[in-house]
Structure formats: C-alpha cells, structure tokens
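In order, the protein sequence lines correspond to chains A and B.
Position in the first sequence (first residue = 1) + 25 = the numbering used here.
Position in the second sequence (first residue = 1) + 97 = the numbering used here.
The hints are simulated quantities; they were obtained by calculation from the structure and are not laboratory data.
Hints should not be assumed to be uniformly reliable.
[Stated by the list, open to error] Mimicking DSSO-like on lysine-lysine, the simulated pairs with C-alpha atoms at most 30 Å apart in a straight line are:
| hint | chain 1 | residue 1 | chain 2 | residue 2 |
| --- | --- | --- | --- | --- |
| 1 | A | 510 | B | 99 |
| 2 | A | 366 | B | 387 |
| 3 | A | 235 | A | 224 |
| 4 | A | 366 | B | 302 |
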Amino acid sequence: MTRIGVFVCWCGSNIASTVDVEKVAELAADLPGVAYSTTYKYMCSDPGQKLIAEAIKEHDLDRVVVAACSPSLHEPTFRGCLENEGLNPYMLEIANIREQCSWVHTDREEATEKALDLIGMAVAKVAHNAPLVASTIPVTRRALIIGGGISGIQAAIDVGLAGYEAVIVEREPSIGGRMAQFDKTFPTLDCAACILTPKMVAVSRNPNIKIYTHAEVEEVTGYVGNYVAKIRLRARSVDADKCTGCGTCWQKCPKRVSSEFDQHLGMRKAIHIPFPQAVPRVPVIDRDNCLWFQRGKCRICETSCEVGAVDFEQEDEVIEEEFGAIIVATGFTTFDHSAYKEYGAGQLKDVISGLQFERMVNSSGPTGGRILRPSDGKEVKTVVFVACVGSRDRAKGVAYCSRLCCMYTAKHGLLFKEHNPDGQAYVFYMDIRAAGKNYEEFVRRAQEEFGVNYLRGRVSRIFEEDGQLVVRGADTLSGTQVEIKADLVVLATALIARDDAVDVARMLGIPYDENHLFTEGHPKLAPVETVTSGVFLTGACQAPKDIPDTVATASAASAKALALFSSDVLTGEPMVSSIDTSLCSGCFACQEVCPFGAIEEVEIRDAMTRENRPVAHVIESLCHGCGNCTVVCRAGAPNLAGFSHEQILAELLAV
Amino acid sequence: MKYAYYPGCSLHATAKEYDISTKAVCEALGIELEEIPNWVCCGASSAHMTSELLSLALPVSDLVIAKDMGLDTLVCCAACYSRLRVANAQMVSDDGHRAQVNEIVGTEYSGESQVRHLLDVLVHEYGLDALREKVTRELSDLRVVGYYGCLLSRPPEIVAFDDPENPTAMDELAAALGAKALDWPNKTECCGQSLSLTRTDVVLKLCRDILQSACDRGADCIVVACPLCHSNLDMRQAQINRQYQTQFGVPILYFTQLVGLALGLEPKELGMSKHITSPSKLLAAKGLDKRKETA
Chain A
26 MTRIGVFVCW CGSNIASTVD VEKVAELAAD LPGVAYSTTY KYMCSDPGQK
76 LIAEAIKEHD LDRVVVAACS PSLHEPTFRG CLENEGLNPY MLEIANIREQ
126 CSWVHTDREE ATEKALDLIG MAVAKVAHNA PLVASTIPVT RRALIIGGGI
176 SGIQAAIDVG LAGYEAVIVE REPSIGGRMA QFDKTFPTLD CAACILTPKM
226 VAVSRNPNIK IYTHAEVEEV TGYVGNYVAK IRLRARSVDA DKCTGCGTCW
276 QKCPKRVSSE FDQHLGMRKA IHIPFPQAVP RVPVIDRDNC LWFQRGKCRI
326 CETSCEVGAV DFEQEDEVIE EEFGAIIVAT GFTTFDHSAY KEYGAGQLKD
376 VISGLQFERM VNSSGPTGGR ILRPSDGKEV KTVVFVACVG SRDRAKGVAY
426 CSRLCCMYTA KHGLLFKEHN PDGQAYVFYM DIRAAGKNYE EFVRRAQEEF
476 GVNYLRGRVS RIFEEDGQLV VRGADTLSGT QVEIKADLVV LATALIARDD
526 AVDVARMLGI PYDENHLFTE GHPKLAPVET VTSGVFLTGA CQAPKDIPDT
576 VATASAASAK ALALFSSDVL TGEPMVSSID TSLCSGCFAC QEVCPFGAIE
626 EVEIRDAMTR ENRPVAHVIE SLCHGCGNCT VVCRAGAPNL AGFSHEQILA
676 ELLAV
Chain B
98 MKYAYYPGCS LHATAKEYDI STKAVCEALG IELEEIPNWV CCGASSAHMT
148 SELLSLALPV SDLVIAKDMG LDTLVCCAAC YSRLRVANAQ MVSDDGHRAQ
198 VNEIVGTEYS GESQVRHLLD VLVHEYGLDA LREKVTRELS DLRVVGYYGC
248 LLSRPPEIVA FDDPENPTAM DELAAALGAK ALDWPNKTEC CGQSLSLTRT
298 DVVLKLCRDI LQSACDRGAD CIVVACPLCH SNLDMRQAQI NRQYQTQFGV
348 PILYFTQLVG LALGLEPKEL GMSKHITSPS KLLAAKGLDK RKETA
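Use the sequences and the hints to build the structure in full.
Have a look at this one:
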C-alpha cells in the first residue's frame, strides 16, 4: 500500500482566496493511498519545505503530491526536497491549482471542487510513479566549428585556450571569412586585417586547433557529446605538406580569373591564395578555370614549383571525426541588388555594393586603395551611398534591419572623404541606427568632421545620363526632390543568410526562420544555444551582427561547449520513451513523428518465429520525452517514463 | 477571343480617341468586345477616398454583369484597371468584404470575371509574334518612349503583369511593331494627376520633367496607356511652355493608336485629331498619315 502525502499550498491569497484549501486538504486525506494531508501558506518557502520533509519522516511517506503553482516553476524545488529525505525525486506529482484553477476561476465553490479533482488526479497518478534514474552518456571533448571567419576563429581560440581540441572546417581556401575582406572597422577605424591576422596566426599555431580549409562538413550523425561528422577535404591539387607558400606558381600561372574575394572587381590566377595573409598559405587550383584541367595543357605551376608540391592527381578525401559539441559559425552573404530594377537591376557598372567598396578602398584590394569607377577606371569625385537596400524592404528584400549598414556606410563616407577631401559624399538614409558603444559619435564625426552629406529619404531611381550616374531621390527633411550626378553609387546591401543555410540547418537538425537565419534556443535566455543539445550558434548565421557582437557570441558559444566538456559524462533526461519490442510491428510511424531523431531501427530475434525482425529503439540521450511516439503507435509499444500509459489512465479514471 | 469591355468615364469623354482606337485595333485583330451594358463608375479618384465599401461596390456592380455575360473584363484606363483589380482581389480573398459588398449590390460575386488590361492582353494573350504578323506598316522610323505612370504596374500584388519599377510591356509592344523603343528613366515617374486641379504648379513641373526627359532621349512621341497621364501630358504643354519658356510639342499617343498605325489604319480611324498637341506633323513626316491597305 502506498503512503502518499498531499501538501496544499495557499500561495498567500493567490490560491486560498478562491479555493477553500482547508476543505480540500481535509477531503484529500480520504483519497485512496493518502496517508497524510495538510496546508501551508507558502509551500515553496523554507518552512514549507521543512514541513514536507518532516511529514515524510513522521508519516513514513513514499510519494508526495504538492498542490500549488505550475510545475514549470517549483517542480525542481520539491524534487530536491524529496531527494534530501532519501526519496527518489520522481516520486512527486504537482497538482496545478493556481494557474489552472484559482487564477482562472471566480466561483469559490466550483474552484474548490475542481482543485480537489486536480489533486485526485495527481494522487491517482503518483500511486503509479516509479523511481527514475537518469542515465549518463560519455562526452567526446572536442568541438567542431563550422566556418572559419572571425566567429569560428574566436570560438576555436577559446576552446583551445581551455585545453580542449577544436576543429575548424572552412569552405574557402583560407580562414578569415568576411572580416578579411574589410578595409577598416568602425568605430575605431582599426585596419581589419591588422586585428584579424594575429588571430588567424594564433589558431594556426595552437596545437589544440586543427584547421581544414577548402573543406565542407557533409554529414553529421549522433547526439550531444557524441557527434560524428563526415568532412570532405576537397582536392587542392597542391600537397600542403610540401608547399612552402613561396608564390611562384600563382605568379607564373597564365590564367586570370575574376576574383571572388575581391567581389569581382579584380582578378586572381587559376592557382591562387585568396589574399596575401591567407592561412594556410597553400594555394588551390580552381579546376574549372585551370588550363590543364580544362584543355589538357600548361602545367606551368608544376614545372615552376621547386619542391614538387603541385599534384594534379590529388582527389577529394572524406574523413570522419568525433565531436562532443558543434559550433555553427557559417556567417552571412549579402543581398543581390539586381532585384532593384530602379537601381539598374545590377546592370550599371558604377553601382556597386558596400562589400565591393570595402575591397576598392582596401590598399591590398584590386585598385590598390584608389576609389575608381569600375566602368572606366576614372577617379571618383562624387559618390552617393544608399542605405537599406534589401533591408527593411518587405517587397523586394527582407523585413528586418541589417543593423550594420548605417555604421559601415558612415565608415565608407568617412573613408572616401579621407581619400578624397575635395570629393563629395552623399548618404541617403531612412533612419540612422547607431546603437552601439561610440557608434553615434562615429556617425556624427563622419557628418561634422568629414563633411559627409546626409539626406533623409529614399532613392527612387538611378540611371545613366551623359556618361554619369544620376541618383534621383527625396530629401524628406527639406521636402524636396533631389537629383545628384555621381561617379559612383554604393548600395548598402542587406546581410542575409547564405544560400545553403537551410541545408546546413537540416544537416544539424536545428530550426531556422523565414529568412533562413538559424533559430536560437530562446530569443532572450538562450541566444547561442539551439534546441538541439550540443549545437551552438555564433555570429551572423543567427542574425546580422557586427564584429564585437560576433566575437562575443563566439566566446559565449565556446563557453557553452566547454561546460559540456567540464565532465566526461553527461546526465541524461530520465523521462524518456522506451519501446516494448514485443508489441512493436516495425512500422516506424514513431520515427516519422520524432522531432529529435531519437528513434533508430534495430534488429531483434523474434521469440516466436525465431527470425530476425526490425523494431524501433529509443536512443535515450536524444529523447526529450515529448511523447509523440507514444500517441502515434497503434499498438502502444512506446511508453514514456513519468507519463506512462498506466499513469495517464489512472489520472483520467480519477476524474 | 472575346471580352466584356469596360470603357469607364474617360473613354466616353476626354479620352474618346482611346476608345475609338481600342475598338478599331481590336476589330482589326479579331478581338471581340462587348460593352458591359449599363456600366457604372469604377469609383476611381473619389469613391476610394471616401468609403472603402463604395469603392468595392461600384466595380463589383460592373463585374457581376461581366460574370453574367460569361466573360472576362477588358479595361483600358489605368485607373479603372486598378480599381477593378483591387475590387476583384478583395472579392476573392476577403470573406468579410465579399459578404458586405454582395449584400449592398444584391449579387453573388466572388471575383469570377478576370480583369485584364488591353496592354496585358496584347502582349501576353494575343502575343507579340502574332501581332508582328499583322503589321503592315513599318514604324521603324518612329522613336518612342513608353510612359507607364503609376497605376499600370503598381501595386504589383494587385496588377501583377509587369515589373513595378521597370515595366517593359509597352516597350516590347512598340519594338514588336517595328518602332524604336528608347530606354528612359521617367517611365514610372508621377505625372501629378491627383493634384491636377489643386496644385497645378506641381503638375506643370512634373510634366515638364517627363517631357524634357523624353526629348533629351530623342523621342518623337510618348506612348501612354492611361487617359489621366494623357490629359496631363497632352493638354498642359502650352501652359508648360509659358511657365518654363520651353518649346514642347510632343505628341502623346495611346499605345492603341500606335498599334493601329502599324496595322495600317488611317489616323482618323484612330481618333488622332482629338489630341490637343497635334500629332499630324509627326505622322506626315513619318509617312503614317494615310491608310495602308493590307497587302
């Protein structure tokens, strides 16, 4: 016979004013299996908990029902209380007589009756509770970092510093990401490369950090603490162990190709490193453009290489590695402004994106830092910057504000004036959003010290006339239409998710939003977590972020990974599903509805037929205890600990 | 190809030549038009400013007749087109408005009659290839700019047959007829129609800019698809010339008139004499002033 204790909480007047708690406690004492019942003003307070503890001892209770607020608030408190008294913490049930009763009803008599019903259900359920013990799972203390931009680099440094292994997988031939393309950074005007490259060198030197560039993660299986990633190391056609990075090959290569790194404003060679400070300094042959691969002649790089590092026969290699945590640092791309027909639909050569301007103004960029018209190479005397191209535009772009454009546009205006003090710079803006430390001051500096002209209004059309661009727009502060003849127009294009973000999300089993940005675990309280344990987010793959925010989230994500690594085992969730294989027909309807991929197929030997047959099996470490499988199975083969068929039936029968 | 024809007030009055040329061109192309009997105002410019329900009930009164005729509706005026499309879209998607409007009008209508603009029909339904075959008179000497105004391509979710910022249907049409369609930046600039009577000074400036841009690009004429654009650009040239000391005399033709010329019709069959800024000099200079018999 069970010995159940029922503890009814007044919650001050929150419950007691609507529910007759004394009467409820009195009647609860007569429920089957109840050995003791009482009330207290605040059951969650120290004296309240002490009251429960003493009752457990005094009345030799083996199960407890607390009738109080929602279990999402104090279930852990009362479980701890049971545990202290030597009871299994799962021998507890909470009857929610506040949110689901006293707060939503006014009639005292009816509310009292309902509270008693709720308690009766909890008592019936708890009689069927069994002690539950959480399982433990081992943890591989290595972090996989997808993406080698500033985000991935910072995360790797932090994991490496703590003494754990980090592996960066970067798609491009070098780490560095977007930041490597930038010229200066706002609001301090530090040279981006000068502050980035020391970090690139630091990761390449750290023995705890391994870098795979020109590589992609193709598949991820497993679960928190125990992920297995399949990584494709794409053929560089250069033996990284032999290559000294001397540069003779790319100097000698005769094939010139439009440079992706320079945003197609400059050229690179078929064998190339994307930029001079590339890490690793090992070139890659772009086989789609290489004369040898395309036409079967040339091989100049091979003959010019003194150490014989060029290897045309090299093939992709697919490796598998184990990880305990995954940090997603895949970054962003920029909005393609050809969607704006009124801005020339991407056909006007002198209408460029902000990222192209970064390359142009960069002294190691395609123009050597000179601001020239792409159409004819003439010096730019007048430049117009247009903010919010694609951002805050529900018709053609994305609804959100890209957050950085106001700042980088101010920086661009300032840099232009620095390069060209006699030139004119205009900025068309909707609002200036400069919320950041020293940001507003920076924008004011561009306006006041450098004389960048700010016009509040949208640009309605950009067209060519007499070999120049005409920018037609509104100045809403003076209420006039304006037309500016410009040599160059720079569009502050929105920061958007990468084209293959959805594929990455599906591979990792993490959700994404309507803009294909990855969804954080909680918008306020879990900003770098995801709903998939062990997968963390950093940088602009979650939402547009500037460098300081990106670095901060990188450190936050690595702290989360390090917390996982702090022990060599993880405590699992005890309220998990299990399959009664004697009932399982192997239809796998449960697998279809499991949002966590926690159900796998296993073979068992059938006792009757003596043949092997497939049945469902729950991977406990992946199960979140949602119960989907238990309701979808026609045979009732899955059963969820803590919410078993027996417990739920008992609850229903008690009403 | 047969449509219920909704001319609207302009085409029966100030834009008579749009109506004349529409009918002439459709006849020549074998597009049958049956005018909606007892049609009423579409509600443009006044109804939708005063009552949303009125602005829906008026077009629906017309569209329900087209539905009873078992035909889709053909419209030429860009303002009528906009109002009829808006009403139809609401009758399809907005359950609340549909019920209210049907009660007011005493009908059962839920957007059955598709509303098409003649430009859309010619380019996308009749087809430019078919049209090219009907051309009997070369317009290759004629340099035109297409002026779309505001309502023909906007809002895109309602009218949806051309790009809202860089519409090209009229340019494609002109090119198919053999004319030289020039690219220009003012094709969707505002002509100021809604300020026509209240702020004429603004209208003169806006129309001056449009005319100037067309002349700068070397256009012989401006081709339009809206009677309101037409009245502003055609009628106000003398006023503009006085105000700005300019010498504009740019013929403003309806696209239907351009099609008619290419089909070999005579200017008077296309109502050419009804323009305030006379196109006769241009037509004579280009040899387009006589009827051309079909070969």
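Each hint tested on the structure:
1. A:510 <-> B:99: 49 Å, violated
2. A:366 <-> B:387: 40 Å, violated
3. A:235 <-> A:224: 14 Å, holds
4. A:366 <-> B:302: 25 Å, holds
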